[in-house]
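Residue numbers (UniProt numbering), protein chains in the order written: chain G, 1 to 259; chain V, 1 to 259.
Because the hints were derived from the structure by calculation, they are not lab data. There's no promise every hint is true.
Since the list gives no way to pick out one identical chain from another, each pair is judged satisfied if it fits inside one copy or across any two copies.
[As the list claims (entries may be wrong)] In silico DSS-like cross-links for lysine-lysine, where the CA-CA straight-line distance does not exceed 30 Å:
{"id": "1", "residue 1": "Lys88", "residue 2": "Lys119"}
{"id": "2", "residue 1": "Lys201", "residue 2": "Lys88"}
{"id": "3", "residue 1": "Lys201", "residue 2": "Lys119"}
{"id": "4", "residue 1": "Lys201", "residue 2": "Lys233"}
{"id": "5", "residue 1": "Lys119", "residue 2": "Lys198"}
{"id": "6", "residue 1": "Lys198", "residue 2": "Lys233"}
{"id": "7", "residue 1": "Lys120", "residue 2": "Lys198"}
{"id": "8", "residue 1": "Lys198", "residue 2": "Lys92"}
2 protein chains.
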Amino acid sequence: MSSSRLGMDSPARPAPAPAALLYYVAFSQLLGLAVVATTGTWLGVYRGGIAWESALQFNVHPLCMIIGLVFLQGDALLVYRVFRNEAKRTTKVLHGLLHVFAFVIALVGLVAVFDFHRKKGYADLYSLHSWCGILVFVLFFVQWLMGFSFFLFPGASFSLRSRYRPQHLFLGGAIFLLSVGTALLGLKEALLFELGTKYSKFEPEGVLANVLGLLLAAFGAVVLYILTRADWKRPLQAEEQALSMDFKTLTEGDSPSSQ
Amino acid sequence: MSSSRLGMDSPARPAPAPAALLYYVAFSQLLGLAVVATTGTWLGVYRGGIAWESALQFNVHPLCMIIGLVFLQGDALLVYRVFRNEAKRTTKVLHGLLHVFAFVIALVGLVAVFDFHRKKGYADLYSLHSWCGILVFVLFFVQWLMGFSFFLFPGASFSLRSRYRPQHLFLGGAIFLLSVGTALLGLKEALLFELGTKYSKFEPEGVLANVLGLLLAAFGAVVLYILTRADWKRPLQAEEQALSMDFKTLTEGDSPSSQ
């Protein structure tokens, strides 16, 4: 059974994007910007702002991770829903590039925290947050390399691509959710280290950080909702449809998801 | 377009469950049992075990939440994949009952922590973990009531059920993931409160708890993978198929997901 018959692509129709999809995408962007702004407010108002050459270097870490691994990664997943009628290749390149930006920004955030730990003499990689973070980095990198090799680098056959595609989609969503979860763990860690027992006094910093946590979870949920709505998937363009039909005719019996 | 043409149900075939599905379900159960066993080990070896009438009352909270809102809730979501050829109604009742068990066990865990806080004079509901936990409880309860009213209580029309079904599926998955995330936040909180700076010395308790965190994330990921595999959805039984066909013929133009 082909992946399109399994409902992974809707049949070709050059229709405009569903109105509800546009509202949900706008809402996701509002939430994403609120997450970044709240992170900036938290670091600016309660943590002294951001700098590389001082104790403020730590603050580079949460800001970069939120921008790179939450906001940009989330948006990178949404490009196929937003750019519905562009050529598939253009959308793919945008998807891959947004992930490169996300990775570079996250790398700056990673260097910041390791450098800060080194200067302070703190231990590395002992916490659940750090373990999850390293897991996210490794999975993100492997996923990008695999995605590039299968979908952008010419050479992978149509059959190979169709076989790998569902795994790529699932792992992409899972890495994004793990990124959001890791951010929540890091936020909690930063709060408990700094506020200690004051956290239970409903200090303004604690309440703001809790709101940031809920915004993070809401952004993750809305992105996931948009990605999983079957009727919001990107429709096949006319030429992709034709290609897919040709392929089906040629390889009947060798289709990717028959088991 | 009907939900079955969107790939939400596979066409009727009385085939046995795919072999790979069985392996994944077995793996998910191994992970779930490992999560419960590791939680028990952590509480038993490092936290003095469990009792209601003492300071150990707190320990009832993580154990009940892990068993109810993680393991049982996860398994409740899997019943439609496991019981593929039973009558739909039987599977529905099992799905609803497992959620009732999960809710009752989680309620004991909730009472334990509030009672413990009251006896100790601790503040309630100040942390991100507690906010997420209350959100999980409210959503879980609303989702159960809605599910019962639409799918088990006779009266909801076929058309209403088909309209609500995708929302129920998405919200169910989201509540489960939020439960796993909330458990991770609580685990982190319990570690930082108790271990403090010893956490960074790779104390055995910290390492065990980190492993528990990874097991929790892995259980969530495997359950999510099983739920999202399009070709592992429960096939329509012959009589459900016939009913659905009849309905389609009767209500052409009033189908649930046309927009």
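Tell me, please, which holds for lysine 201 and lysine 88 at an alpha-carbon limit of 30 Å: within, between, both or neither?
neither (53 Å within a copy, 50 Å between copies)
Between lysine 88 and lysine 119, at a C-alpha cutoff of 30 Å, which is it: within one copy, between copies, both, or neither?
For lysine 88 and lysine 119, the Cα distance exceeds 30 Å both inside one copy (47 Å) and across copies (61 Å).
Between lysine 201 and lysine 119, at a C-alpha cutoff of 30 Å, which is it: within one copy, between copies, both, or neither?
between (32 Å within a copy, 18 Å between copies)
Copy assignment of lysine 119 with lysine 198, given that the CA separation must stay at most 30 Å
both (27 Å within a copy, 20 Å between copies)
At most 30 Å between C-alpha atoms: does lysine 198 with lysine 233 qualify within a copy, between copies, both, or neither?
So lysine 198 and lysine 233 fail the 30 Å test inside a copy (47 Å) and across (49 Å) alike.
Cα distance capped at 30 Å. Does lysine 120 pair with lysine 198 within a copy, between copies, both, or neither?
Answer is both: 24 Å inside a copy and 16 Å across each meet the 30 Å cutoff.
Is it within, between, both, or neither for lysine 201 and lysine 233, if the alpha carbons may be no more than 30 Å apart?
For lysine 201 and lysine 233, the Cα distance exceeds 30 Å both inside one copy (46 Å) and across copies (48 Å).
Alpha-carbon proximity context of lysine 198 and lysine 92, limit 30 Å
Neither. Shortest intra-copy (48 Å) and inter-copy (46 Å) distances fail the 30 Å Cα cut-off.
Violated hints for the displayed structure, listed by number in ascending order: 1, 2, 4, 6, 8.
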